[in-house]
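J.: Given chain A, put chain B in place with the hints provided.
2 protein chains.
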Amino acid sequence: MIDALFFPLAIGAALIGLLAALIFARAVLGHPVHNELVRSTGKLIQQGAMAFLRREYSILAVFVAIVAMLLAALIDFNLLNNVHIAELNAPVQARLGVGPWTALAYVIGAVGSGLAGLIGMWIAVRGNTRTTTAAEEGLNQALRVAFNTGTVMGLTVVSVGLLGIVALWLIFEDPSIVAGFGFGASSIALFARVGGGIYTKAADVGADLVGKIEAGIPEDDPRNPATIADNVGDNVGDVAGMGADLFESYVGAMIAALALTAVGVAYLGLDGEQAEVGLVVLPMAICGVGILASIVATTFVRTGDHASMSRLLWALRAGIFGAGALALVGTAVIVLLLELPFELFWVVLTGLLVGQVIGTATEFFTSYEYRPTRWIAAQSVTGPASTAIAGVAVGLGSVVVPVLAVVSGIWVANELAGLYGVALAAVGMLSTLGITLATDAYGPVADNAGGLAEQARLAPEVRERTDALDALGNTTAATGKGFAIGSAVLTALALGAAFTELAQVSVLELTDARILIGLALGGMLAFLFASLTMHAVGDAANAMIEEVRRQFREIPGLLEGQPGVEPDAARAVDISTQRALRAMLLPGTLAVLAPLIVGVVLGPEALAGLLVGSIVTGFLVATFMANAGGAWDNAKKWIEKGHHGGKGSDAHAAAVVGDTIGDPFKDTSGPSINILLKLMAVVALIFGPLFM
Amino acid sequence: MIDALFFPLAIGAALIGLLAALIFARAVLGHPVHNELVRSTGKLIQQGAMAFLRREYSILAVFVAIVAMLLAALIDFNLLNNVHIAELNAPVQARLGVGPWTALAYVIGAVGSGLAGLIGMWIAVRGNTRTTTAAEEGLNQALRVAFNTGTVMGLTVVSVGLLGIVALWLIFEDPSIVAGFGFGASSIALFARVGGGIYTKAADVGADLVGKIEAGIPEDDPRNPATIADNVGDNVGDVAGMGADLFESYVGAMIAALALTAVGVAYLGLDGEQAEVGLVVLPMAICGVGILASIVATTFVRTGDHASMSRLLWALRAGIFGAGALALVGTAVIVLLLELPFELFWVVLTGLLVGQVIGTATEFFTSYEYRPTRWIAAQSVTGPASTAIAGVAVGLGSVVVPVLAVVSGIWVANELAGLYGVALAAVGMLSTLGITLATDAYGPVADNAGGLAEQARLAPEVRERTDALDALGNTTAATGKGFAIGSAVLTALALGAAFTELAQVSVLELTDARILIGLALGGMLAFLFASLTMHAVGDAANAMIEEVRRQFREIPGLLEGQPGVEPDAARAVDISTQRALRAMLLPGTLAVLAPLIVGVVLGPEALAGLLVGSIVTGFLVATFMANAGGAWDNAKKWIEKGHHGGKGSDAHAAAVVGDTIGDPFKDTSGPSINILLKLMAVVALIFGPLFM
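Going line by line, the protein sequences match chains A and B. Just remember that this note's numbering sits 513 ahead of the position in the first sequence, which is counted from 1. Just remember that this note's numbering sits 513 ahead of the position in the second sequence, which is counted from 1.
None of these hints come from the bench; they were simulated from the model. In this text, a Cβ means the ideal position worked out from N, Cα and C, and glycines have one as well. Careful, some of the hints might be misleading.
[Said to hold, decoys possible] If you only want the chain A side, here are some residues facing chain B, beta carbon under 7 Å, derived:
| id | residue |
| --- | --- |
| 1 | Val905 |
| 2 | Leu909 |
| 3 | Gln1017 |
| 4 | Phe1040 |
| 5 | Leu1115 |
| 6 | Gly1116 |
Isolated chain A, as found in the complex (with noise of 0.2 Å):
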């Protein structure tokens, strides 16, 4: 059968994508550092980075441990016993008491999704440098550098999330146990995200609070103890934290087509077992496609030197839309063969599209070249006040356009394929990611490169080159962010139908009161969850805010800026990885127990309400707090091109506060609001036979 060839042909993709990433890596590498300065603050960052991700990953064992034993117990051997066997669905029946899979399949999700985010900041953090050091020779080599480092990111990320899928998927056969991998996958994208987030910001608000308004010393100053925090940050939460957000909706969405396939079969009316099978491999092999579209289209990504922001900002589109095009031709060579009704390279199209409106929908809000940032930049010149109403307003009203683009896709993938359409919808969103990433993984490599040069004190033009990476870099974060809620979105979706199929809750009634209580509380969480990361970074920063000043005040010279006279860099990163890591267990703890206590206690009809109260609310929560910082961070930027009095004028102090606000709205609690609704939604769809 031809179906069958696409599973090694995904696994060669794979690992095409893994010896490509190789490849790039070694191209990044062999790139040159000249200046001793540049090595030395970049191996400061090297090990702040390296040092959170050791702490966090030690943490981390633990937890990993204890709910592999309890998956083990509770779901592969049922010791409660209280699940009634008979009662379950087949391929349910048959994996239990069989052996420990869903805990092997979690170890192995968490596992990988570790070790892809362990290379993305590994190369990261040597990519800076490099970037810093090619700036010195030209624009078109510091893209090039930089865009390779987010693509060893972003191929990595790929290539074991689709390796993973393949492999478990062939030796169990059974969506449950490859769920496991998945969940896995979310463990470390919950720590990541969220642990990751709340670093950064915290090292960055208390880095600019003190630093450039109190002290008076501009952005990325040697002289403030937190500066290598924030570059630190920036690939703890930018890069590991993105790329483990996006490993979960990549391996999400394959798990949720998997566990949808007879529900496709059915609804698309196709016959017997080789149908069941075009269905289940169809997603992997367009993930595979995606991957060599994701290695050809990186080559589309070159500038000239001197290119203008539009200019460069195409390069990095020649690449996305390149993949995207090459990836649809894929997928319709492959629905052919696989003779499967070409409805579903619609829907492949369809979440592809719904990607890319919500990035320029995204990009329209946030963007200073459009009007609402800058009204808020206007609105600045009233003071602060103003300039916050003006990016709130900005932010709730930037969730239409995203709100209907998901929710058309959603509409047309369901009429055209069923929920099997809304998961596969999501792997089409997803299947180019390899490229996708590399383009926000990108930013913060760009982003350190700028601090770099003003570190070392590199001639102005190679901070003006790197400012001009580092503006791209901003435009991308704000769509990749987009991007990664939308994806969020669907995928967390697609997983909840899963669930509602595995549990076969047959009521779910909306004016049944069990499903408004579930909606109502799902919808909580989503504030709860970013009260507390916002919280978290609130007294995060102030005990960072409090080390930079004991700093100033007690190493005498070093605010003056007397050569030879260095801040304790290492002790304002240990702030900011223990105070990250201690405030990240309670949001954590709930999100993986608040769906088991409602399942157990109010039922599987609340667990599902839930979930879809969560992520509608969830969708609109994060979608607001990601455009407002955005657009605020924007807003600053506009400003401080020279408009409403530029630099140093009142409306820019009022501005730069917008842009405070606004960096745990979009770097912290938005983002980790993405993680809530895939982890509630897997966690329901593992433990979902413990409450039927």
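T.: Just chain B now, kept in the frame of chain A:
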């Protein structure tokens, strides 16, 4: 039959309420105003408030006329002929084509609500000067006058509301026609709450930003051209807006109960017609008892001179708790006399308790007696960004208890009496609205009284007394907002349930894509509505700022306080009025059209989803915004009491920014969402036949 006796009793209670309102009004007006400056400034506020009302009502008249004609054509006479009469349930069938009764009920509802608003505002803008004068005599005297002013408003609202519902029911005996009354009330509420909310905060934010921050003159300073507009705004937004909002909840809860009596009869397993009459009359009888209980309980509200804040708070609480206890006794008697299941008493008790829990939770999160607000104050030491982040964190987290309270209330009410129970719980919560609203409306009266004392430069002890009353007013305003949100949520939910019953939508499966789409669109609308109103305040406040700056620049001697030089207050009033009424049109139209469009284009299932989505997300957003705003306000007050450096410190400046951000949160966008939820639900209920 004893049941029928309760109708005249309810009417009697409403008439007694109106009589009592008249007596209280005479008591307030009988209080002399000695000071000429107080009298003349009060006159300006009166004129400004009435000018706004006149303009608002003339726009409203057009709006109401158009909607009434549409109602008569589309609903009463079914001119489009798109409704297949045979497919409708009996009461709807019986109604169509008989006469323009829904349209008539609509007009009566609009006139009733408008009248209640007019009377409330009329007395409020007279009670303020009397309160100032009474404050020269003593704290208790001032409290009595301010509270009596509020009582006039409270009793007028409930009496007019109850009278309208009972009369229309007796004439038509058709819940669909009575729903027209609710729709009329909603239309007024939309204009009063949204328009009033924009008015008051445009003036407040504008006055604060130039006055306090730029020109360095205190609040309520007579030199500030926006001071009168700010004082007018307190009446326009917090008296008329709040009154119309709760008028809508009050009649909406009764209407929902009426529409759900058949469901209640079935759920409770009752027998035949007499039981149905019992369930029909029960809510009205409870409201009648509640009016009498409120009147009696007003006598409990008194205090000594030099009373502490908590003594003052307990004086008001004595009134609220006393009324609640009396109403419960009355409810028990009614339930027994009607020979209805005693479960219904517990449902009413549940509703009252939910209201109290929300009030207490709101107080915890917004009063500086407790940790959250003090934490915001402490964070302010590191600048306005920290204040903003902390306030958002507190506001987001403050949704937890209200959601749990409402969710538990729904659970209990639904278990005891089905969906009828949810409506009855809303009735219970609102039964003592006469006195609850009195404590709400009291706040702006006390606030105005303080402003008048400042502007007339009365003796410091007068201002001290009005300040004490004002501080108390801030607390009651915050808890009142929580109460308004909670009652709006329960009412909207009950109205939504009535819609699904009426539309006989059989399949409302959560996994249905139409439901999901509706949910997402409903949640999105809450965000969009908040965005539009925030946007409006931002723009209108900026217009106000420009005007104040212009006057300070162009009127010689104004800023210096030269005797005889007065600002052009009328011009500032005019700007707020115009801006508010213009900015209100888009969100207003959206709220009316969205359910119609969704119902027609996507069908009743999606509309049911829309309602639930807007209720769940709107509840969260409204609570977040109201509590964040309240907490910022009181964090500033806490610093002003001498903490973290007190007035004039950096922390204080940061807290003032937080307070200004919070203004539109708590007084415009948050409360406006209440209207959105209820209005969309009542539009669905009224136009339901069109979507079937």
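J.: The structure should be examined with respect to each hint, and the outcome stated for every one.
T.: Results of checking the hints against the structure:
Nearest Cβ of chain B to the Cβ of Val905 (chain A): about 6 Å, under the 7 Å cut. The hint holds. Satisfaction of the interface hint for Leu909 (chain A) is found here, the shortest Cβ-Cβ separation to chain B being roughly 4 Å, below the 7 Å cut-off. Against a cut-off of 7 Å between C-beta atoms, the interface hint on Gln1017 (chain A) is violated, since the closest Cβ of chain B lies about 12 Å away. Residue-level restraint check for Phe1040 (chain A) holds (minimum Cβ-Cβ distance to chain B is 5 Å; threshold 7 Å).
Proximity of Leu1115 (chain A) to chain B is violated relative to the hint, the smallest CB-CB distance being about 9 Å (cut-off 7 Å). For Gly1116 (chain A), the shortest C-beta to C-beta distance to chain B is roughly 12 Å, which exceeds 7 Å, and the interface hint is violated.
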